[in-house]
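Trainee: Sequence:
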Amino acid sequence: MKKKKFTIKEAVEYFAANRKNIPVLVMRKGDYALEIKAEDYLYLVVEVNNPGVFLARLGPDLMRLKPLDEQQQSTARAFAHQRLTESGLL
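Using the numbering used here, you'd call the opening residue of the sequence shown number 1 and step up by one each time.
FYI, nobody ran anything at the bench for these hints, they're computed from the structure. Source: prediction; values computed, not measured. Be a bit skeptical, because a hint or two may be false.
Restricting the straight-line Cα-Cα distance to at most 27 Å, the calculated cross-link-like pairs of lysine-lysine (DSS-like) are [unchecked claim]: (1) Lys66 to Lys5; (2) Lys66 to Lys9; (3) Lys20 to Lys37.
Full structure from sequences and hints, please.
Mentor: What follows is the structure in structure tokens.
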């Protein structure tokens, strides 16, 4: 059975609906990876030092994503919300 492909719009809608509890991890460069579909390693990536927002598959064998504590995740979610609003996606 073919898996449904997510669009960036659907990922942003998922983030908006689950903003309070969506898991957030940090990438090596410090960018935030918001977990959209864990079983498919699908993340909404929000760049910290650039205005980029994109959807990516980040397999654990290629990307070493680091967990954040709850306070850091809350800060990251607020930053992601602001960035998505600025970009017109929210």
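Trainee: Need the list of violated hint numbers for this structure, in ascending order.
Mentor: Going through the list in order, the structure violates no hint and respects every one.
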